[in-house]
Amino acid sequence: MSDTFLYLVQQLINGLTIGSTYALIAIGYTMVYGIIGMINFAHGEIYMIGSYITFIVIAGLLGMGMVSLPLILFIALVIAVLIASTYGWTVERVAYRPLRGTNRLIPLISAIGMSIFLQNYVVLSQGSRDIALPPQITGGWTFGDPNLFEVSFSYMQLFIWVATFVSMLVLTLFISRSRMGRACRACSEDIGMTNLLGVDTNRVIAMTFIIGAALAAIAGLLLSLYYGVVNPFIGFIAGLKAFTAAVLGGIGSIPGAMLGGLILGVTEALTAAYFPSEYKDVVSFGLLILILLFRPSGLLGKPEVEKV
Amino acid sequence: MKKFTRTLLSVGTAICLYGAAANADTLKIALAGPSTGPVAQYGDMQKIGVFAAIEQINKAGGINGMQLEGVVYDDACDPKQAVAVANKIVNDGIHHVVGHLCSSSTEPASDIYEEEGILMITAASTSPSITEKGHQMIFRTIGLDSMQGPFAGQYIINNVKPKNMAIIHDKQQYGEGLATAVKNEVEANGITPVMFEGVTSGDKDFSALIAKLKMNNVDFVYYGGYHPELGLILRQAKAKGLDAKFMGPEGVGNPDISKIAGEASEGLLVTLPQSFEKNPANQAIVQAIIDKGEDPSGPFVFPAYSAIQVMTAAMTATGSTDTEKLAEYIHANTFKTTTGELAYDEKGDLKQFSFVVYDWHADGTKTPAQ
Chain S
24 MSDTFLYLVQ QLINGLTIGS TYALIAIGYT MVYGIIGMIN FAHGEIYMIG SYITFIVIAG
84 LLGMGMVSLP LILFIALVIA VLIASTYGWT VERVAYRPLR GTNRLIPLIS AIGMSIFLQN
144 YVVLSQGSRD IALPPQITGG WTFGDPNLFE VSFSYMQLFI WVATFVSMLV LTLFISRSRM
204 GRACRACSED IGMTNLLGVD TNRVIAMTFI IGAALAAIAG LLLSLYYGVV NPFIGFIAGL
264 KAFTAAVLGG IGSIPGAMLG GLILGVTEAL TAAYFPSEYK DVVSFGLLIL ILLFRPSGLL
324 GKPEVEKV
Chain G
19 MKKFTRTLLS VGTAICLYGA AANADTLKIA LAGPSTGPVA QYGDMQKIGV FAAIEQINKA
79 GGINGMQLEG VVYDDACDPK QAVAVANKIV NDGIHHVVGH LCSSSTEPAS DIYEEEGILM
139 ITAASTSPSI TEKGHQMIFR TIGLDSMQGP FAGQYIINNV KPKNMAIIHD KQQYGEGLAT
199 AVKNEVEANG ITPVMFEGVT SGDKDFSALI AKLKMNNVDF VYYGGYHPEL GLILRQAKAK
259 GLDAKFMGPE GVGNPDISKI AGEASEGLLV TLPQSFEKNP ANQAIVQAII DKGEDPSGPF
319 VFPAYSAIQV MTAAMTATGS TDTEKLAEYI HANTFKTTTG ELAYDEKGDL KQFSFVVYDW
379 HADGTKTPAQ
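Chains as they are written, first to last, in our numbering: chain S, 24 to 331; chain G, 19 to 388.
Ranges between beta-carbon positions, derived for each pair:
| no. | chain 1 | residue 1 | chain 2 | residue 2 | range |
| --- | --- | --- | --- | --- | --- |
| 1 | S | 131 | G | 350 | 52 to 62 Å |
| 2 | G | 364 | S | 26 | 50 to 60 Å |
| 3 | G | 105 | S | 131 | 26 to 36 Å |
| 4 | G | 110 | S | 322 | 51 to 61 Å |
| 5 | G | 261 | S | 316 | 39 to 49 Å |
| 6 | S | 146 | G | 350 | 37 to 47 Å |
| 7 | S | 28 | G | 284 | 25 to 35 Å |
| 8 | G | 101 | S | 60 | 35 to 45 Å |
| 9 | S | 320 | G | 179 | 49 to 59 Å |
| 10 | G | 106 | S | 162 | 44 to 54 Å |
Here are some of the chain G residues that sit facing chain S, going by a computed Cβ distance under 8 Å:
| no. | residue |
| --- | --- |
| 11 | 215 |
| 12 | 216 |
| 13 | 217 |
| 14 | 220 |
| 15 | 223 |
| 16 | 226 |
| 17 | 253 |
| 18 | 277 |
In short, the hints are calculated from the structure, not lab data.
Beta carbons are placed, not taken as given, at the ideal position from N, Cα and C, and that holds for glycine.
Turn these sequences into a full structure, and let the hints guide you.
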């Protein structure tokens, strides 16, 4: 194996890792859009809150002298998902439900306001500086020729892949098999008709916000362990990237969000690999524009049918 | 009852008038810099230095019979907010500013101060372009990138002697300016960096960049920028098994980099102003700062202290707070400060300022490098 090939493999591993977390966050955007047709700009902040809770819980448990890492991660995951879901639900209840049925722009502004509120709320309660946690999951595999180029694949990266895959699998089963999943699909086709048929659409919408927030919290847990640093401003960039991934894959489509996240992550890694890394964002957003020019509804999105 | 009210009112008015009279005996000095945001540490350093200086001066009877009062303004190291802060300082009628910190904030703000005749001394902004517009009101108590860059470059050539050197920066005025200065210096001495690239400030994932450094067999990296990004780069480089030595400017030299990078920060080289807190002549001030429960070791604490010293020395000598007279005096004279003798050229830059290379340690401390 030549060193250029090994280098490519390494960059693909890096890209898929970051891409899978984009995908997890993107699902929150795409599900909400699919059902009520609005962009929840506060979603990135839910991810940020999930990261903070992970940090606080892990630091607390380590401080209490707990040593079993799987148990610590499990407790952190449960608490982060529960609290972030509560935030997701509350945001919907407070900032979006009262505005339902108004002009589309109004909930959008409310979402931006919510995002600014949450960010500043964390700044005030947690301080605005970077908080760091020592690496928890260390080690990994290396392969390739040490004299040419050694590819490293860490346990942490594997953990991200597995956790993302399992979350996606559970979500897909939930949407395709469960009663609530069926109601979600019905709402995304025609929310008015679903309501007429006796489904409590408010509950379905609240549920989508909860699912989105839970996945964002999982992404928060994974990325805060991966990077080991959080600050109150990480939600904005992560949200922007995930939103791009959702649009790229076709907003409203769940497989689209997964695909979009992976494509975005891999594009970023490959651009940074073969061009100066300052062009990373230029290329990935240029790609977004190109795809939208030729497929305005995204890769897997359905063209919008004018409802009569 | 009516009479009583009237008495009350007149008493109130008298108190107000008295308050106004008392205000005439205090001179407000604005401290502009980040109190929030990812680089708020540097704002704290400035506050520690300035308030220590103000306290000492007030204890000694103030300046020309006036007590000094520091007023803190937060620009979050954001150029847009810096302009808003500068305008607020103008509206609040303050004529003497210590700040801003980040070069990218100082530059737009300094235009406003110059126009409004406000005297500004920055203790931390090192970008040369700030003083290249012919401004008369703008000074600094710190060296320039055009001094620090070549200094770092010389150290790399003489002591590090890297085989494959990379230069990374954060695409901001401060970081890229320094990185370019280092690049010019090493290239003039026969070392061509194999990589010269920017990263996005605020980014968290540097795995692609690190793989590229590995691919190019880089054994030495100079980073121009601040600690949040370099901390993550160090941490991820260690996890990926990149075996390279790193070096950075004073913007990375604070204990937070060790919190972020942990063990990976051991052996990082940092160019910093010399440790003024180690200077025996400054021990009384160091003790006063420690007694307040604050940290005197930040690289900008003493430059900020000196900024107040320069300002007040000029006020005492001219017997005035008129900023034009002060600026004229500062340009023409030499000042004895806690950071040594400071003399200014016609641009408002220091004629001389020396840097030292330190070895950084995982516990957040530093020792002079060999």
